[in-house]
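Asks: Listed below are the residues making up each chain.
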Amino acid sequence: MANEIVLETKDLVAGYLPGVNILNGCNVYVQKGELVGIIGPNGAGKSTLLKAIFGQVNIRSGQVLLGGDEITGLKADKLVTKGVGMVPQNNNVFPSLTIEENLEMGSYQKPKMFKERIDFVTSLFPELGRRLKQRAGSLSGGERQMVAMSRALMMDPSVLLLDEPSAGLSPVRQDETFINVAQINRAGVSVMIVEQNARRALQICDRGYVLDQGRDAYSGTGRTLMNDPKVIELYLGTLATDHAATTSTPTVGG
Amino acid sequence: MIESTISGLVNGSVYALLGLCLVATYRTSGVLNFAQTAVGAFAALTAVDLIGTGMPTWVAWLIAIAVGTVVSVLLGLMLYRWFSQTGARIKTSATIAALLALLAIGDRVFGDTPRSFVDPFSLFGFTLWGVRFTGDTIIALGAAVVLTIALDVMLRRTRTGHRLRAVAGRPLTAELLGLPVLALTIIVWTFVGVVGSASILIIAPTASSTFTGLSLLVLPATAAALFGGFESLWLTLVGGLLLGMISGLTSYFAVIAPYNATLQLAFVTLILIFKQRGERWDEAR
Ligand SMILES: Nc1ncnc2c1ncn2[C@@H]1O[C@H](COP(=O)(O)OP(=O)(O)OP(=O)(O)O)[C@@H](O)[C@H]1O
Ligand SMILES: [Mg+2]
Numbered sequence: 001m002a003n004e005i006v007l008e009t010k011d012l013v014a015g016y017l018p019g020v021n022i023l024n025g026c027n028v029y030v031q032k033g034e035l036v037g038i039i040g041p042n043g044a045g046k047s048t049l050l051k052a053i054f055g056q057v058n059i060r061s062g063q064v065l066l067g068g069d070e071i072t073g074l075k076a077d078k079l080v081t082k083g084v085g086m087v088p089q090n091n092n093v094f095p096s097l098t099i100e101e102n103l104e105m106g107s108y109q110k111p112k113m114f115k116e117r118i119d120f121v122t123s124l125f126p127e128l129g130r131r132l133k134q135r136a137g138s139l140s141g142g143e144r145q146m147v148a149m150s151r152a153l154m155m156d157p158s159v160l161l162l163d164e165p166s167a168g169l170s171p172v173r174q175d176e177t178f179i180n181v182a183q184i185n186r187a188g189v190s191v192m193i194v195e196q197n198a199r200r201a202l203q204i205c206d207r208g209y210v211l212d213q214g215r216d217a218y219s220g221t222g223r224t225l226m227n228d229p230k231v232i233e234l235y236l237g238t239l240a241t242d243h244a245a246t247t248s249t250p251t252v253g254g
Numbered sequence: 001m002i003e004s005t006i007s008g009l010v011n012g013s014v015y016a017l018l019g020l021c022l023v024a025t026y027r028t029s030g031v032l033n034f035a036q037t038a039v040g041a042f043a044a045l046t047a048v049d050l051i052g053t054g055m056p057t058w059v060a061w062l063i064a065i066a067v068g069t070v071v072s073v074l075l076g077l078m079l080y081r082w083f084s085q086t087g088a089r090i091k092t093s094a095t096i097a098a099l100l101a102l103l104a105i106g107d108r109v110f111g112d113t114p115r116s117f118v119d120p121f122s123l124f125g126f127t128l129w130g131v132r133f134t135g136d137t138i139i140a141l142g143a144a145v146v147l148t149i150a151l152d153v154m155l156r157r158t159r160t161g162h163r164l165r166a167v168a169g170r171p172l173t174a175e176l177l178g179l180p181v182l183a184l185t186i187i188v189w190t191f192v193g194v195v196g197s198a199s200i201l202i203i204a205p206t207a208s209s210t211f212t213g214l215s216l217l218v219l220p221a222t223a224a225a226l227f228g229g230f231e232s233l234w235l236t237l238v239g240g241l242l243l244g245m246i247s248g249l250t251s252y253f254a255v256i257a258p259y260n261a262t263l264q265l266a267f268v269t270l271i272l273i274f275k276q277r278g279e280r281w282d283e284a285r
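In order, the protein sequences belong to chains S and Y.
Under our numbering, think of the first position of the first sequence as 1, with each following residue one higher.
Under our numbering, think of the first position of the second sequence as 1, with each following residue one higher.
No wet-lab data here; the hints were simulated from the structure.
Errors might be hidden in some of the hints.
[To be verified] Only pairs whose alpha carbons sit at most 30 Å apart, straight line, appear in this in silico BS3-like list of lysine-lysine:
#	chain 1	residue 1	chain 2	residue 2
1	S	75	Y	91
2	S	32	S	78
3	S	112	S	133
4	Y	91	S	78
5	S	82	S	112
6	S	75	S	115
Construct all of the structure, not just a fragment, from the sequences and the given hints.
Replies: Following this line, the structure appears as structure tokens:
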């Protein structure tokens, strides 16, 4: 893995309403081939960071760089052609379209690549290939997530931004989704993933950031962060109980 | 009696055309546009008043359709600008507000004196099995069938159709993929502006001749669209034609003729009751 930086934010300050900054100088980067996790409490600005990178939020100061080129504030259509893909937190498939049509929307800017890319995506997720004609609205949450990520892969992005892909899924489906993300990453796509489910995210990530009040409060490898006493106290602490609640109930006392 | 039923075909075809516009708008922008017929009424009254100044009919019609289209696009842009982040219910309520605003403006601009509309198409026609088919029946019916086929093919088979449906379902997600949401929005509202205005121009001579009366054609149009569950174009066509023929038939019987409008409401209610199981309204959201 060459230490070449694909995507980077420098002192990013951004917000929705005039005078209210949600990001207060955020510095994060993703290296080529890396899987980077962004965790942090609710309202820390994780989604806002992704939206700011993707030109959906007003940037007050700072920069976003893609392979060293400035892409600060560029709109989605430009970013997509430059090789940045994003899957939003909610409502991420087109329910009235079939899986195939959903994927077709992904290759909107390069329709000629459709055949080649759909082969790639269905080799990654063979299940999709078998169900291309099914309406996306009839899929389960985990399947929808798979469609949405695949659709973002249709443009052959160099970096993929994922906002809480495991949100709202059952533990088994969450695991499947994390495996899917890791698989996409292994296929050569750099990934920045925002996750509520911090522990699991840090397990699959090369590196991670803890975002707090719009700043990158801590960073390090997944393992370092998981074992950092401050991170555990300030953030994973709440998750430790969460973790205990989901894993220990059936077997405790046996 | 058959004569009355067949004469209902003109109205039926126009109900179908208007219903098709409603379905097309719904499927391509997620909006149930209650203001659509008011926009058409704007066009129709513009046409009459222009013809009244001595302008040739076809020029007046072209200008009228252009006016209707501009109003339609403005409405679409307003919804895009201010309501793109909201759900179907809020957008639909916004079109009801637009309907009320248009009714008020229409009343100021055109007043409520009934107009007499010239009907350029009723002059030609033919007689089959003793029933006369006039030019407007043929044109309206032909237009309804052609529009159904065209929309069906466009929405299901073409890339643009898929994109329009994508934008309708999830405008924000579509934007994140780089789809040209604004351009697609303008295409939709231009299209329904043209077809909606032309439809009202066709029906105006046989229907009500005031702005409010024409605006309320949204009722039978909604009934036709409901018949198709706001999804099926072919069932919308059938629904419109059925509704037209039923009102044609009932107008033949003097006793029930005055209740024609009530009949349309009854039709809507019946469809709603039968459609309950479908729950089309929110499923696709
Ligand atoms: N569209 C918006 N307009 C105004 N303020 C917003 C908007 N979206 C988010 N915010 C505010 O920005 C702050 C950060 O929100 P953000 O969605 O980035 O948090 P998050 O870290 O993703 O939280 P979560 O874990 O709940 O998804 C919150 O205080 C929120 O109220
Ligand atoms: Mg979030």
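Asks: Each hint: holds or not?
Replies: Evaluated hints:
1. For the hint linking residue 75(S) to residue 91(Y), the alpha-carbon distance of about 25 Å falls within 30 Å, and the restraint holds.
2. Between residue 32(S) and residue 78(S) the alpha-carbon distance is near 21 Å, which keeps this suggested pair within the 30 Å criterion.
3. Annotation: proposed proximity of residue 112(S) to residue 133(S) holds, straight-line Cα distance about 20 Å (limit 30 Å).
4. Annotation: proposed proximity of residue 91(Y) to residue 78(S) holds, straight-line Cα distance about 29 Å (limit 30 Å).
5. Among the hinted pairs, residue 82(S) with residue 112(S) is consistent with the structure: their alpha-carbon atoms are about 17 Å apart, no more than 30 Å.
6. Under the criterion of a C-alpha separation no larger than 30 Å, the hint pairing residue 75(S) with residue 115(S) is consistent with the structure, at around 26 Å.
Of the numbered hints stated above, none is contradicted by the structure.
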